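**Q** Sequence:
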Amino acid sequence: MLILDSWETRVRARGGTFIAVLQPHIWLKKRSEAEIALSRRVVAATSTVLGFQYEAFRQVIGNRKYFRTFESSFDGVSDTAFTDWAHTNKRGNEVIAKIFAKEVQTLTGL
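For this note's numbering, add 979 to where a residue sits in the sequence shown, where the first one is 1.
What the hints contain is simulated information worked out from the structure, not anything from laboratory work. Remember, it's a predicted structure, so these values are computed and weren't measured experimentally. Worth double-checking, as some hints may not be accurate.
Cross-link-like lysine-lysine pairs, in silico, PhoX-like; alpha carbons within 20 Å at most [claimed, not checked]:
{"#": "1", "residue 1": "K1008", "residue 2": "K1069"}
{"#": "2", "residue 1": "K1077", "residue 2": "K1008"}
{"#": "3", "residue 1": "K1044", "residue 2": "K1081"}
{"#": "4", "residue 1": "K1081", "residue 2": "K1069"}
Please model the entire structure based on the sequences and the hints provided.
**A** This is how it looks when you write it as structure tokens:
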């Protein structure tokens, strides 16, 4: 995660605010029928691997001030927010954008 630390230093040196976001994937929420169908297109091992990877990210950069997790972004969204197991559709992008905007406002005081 040294690269993220490096980028955070560069961005802050230029007066910016750096945020690293851990985005949601389809196995993080209670899935609709459409999302169950989408997730069946992917090798089942992917969900297991992602579980290990997400835990590793949390352990390695979870204590960094710039780290934010959006893993629960879609908990309250009943319709699908994905085009596949990871890429968000228009609705998913809107949800994440609103959460991201609130986070930036909190960090910057705007």
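**Q** Hint by hint, say whether it matches the structure.
**A** Okay, the hints, checked on the actual structure:
Among the hinted pairs, K1008 with K1069 is consistent with the structure: their alpha-carbon atoms are about 18 Å apart, no more than 20 Å. A C-alpha spacing of about 18 Å is found between K1077 and K1008, which places the hinted pair at or below 20 Å, so the restraint holds. With a C-alpha separation of about 16 Å, the suggested pairing of K1044 with K1081 holds against the 20 Å cut-off. This hinted pair checks out: K1081 and K1069 have alpha carbons roughly 19 Å apart, not beyond 20 Å.
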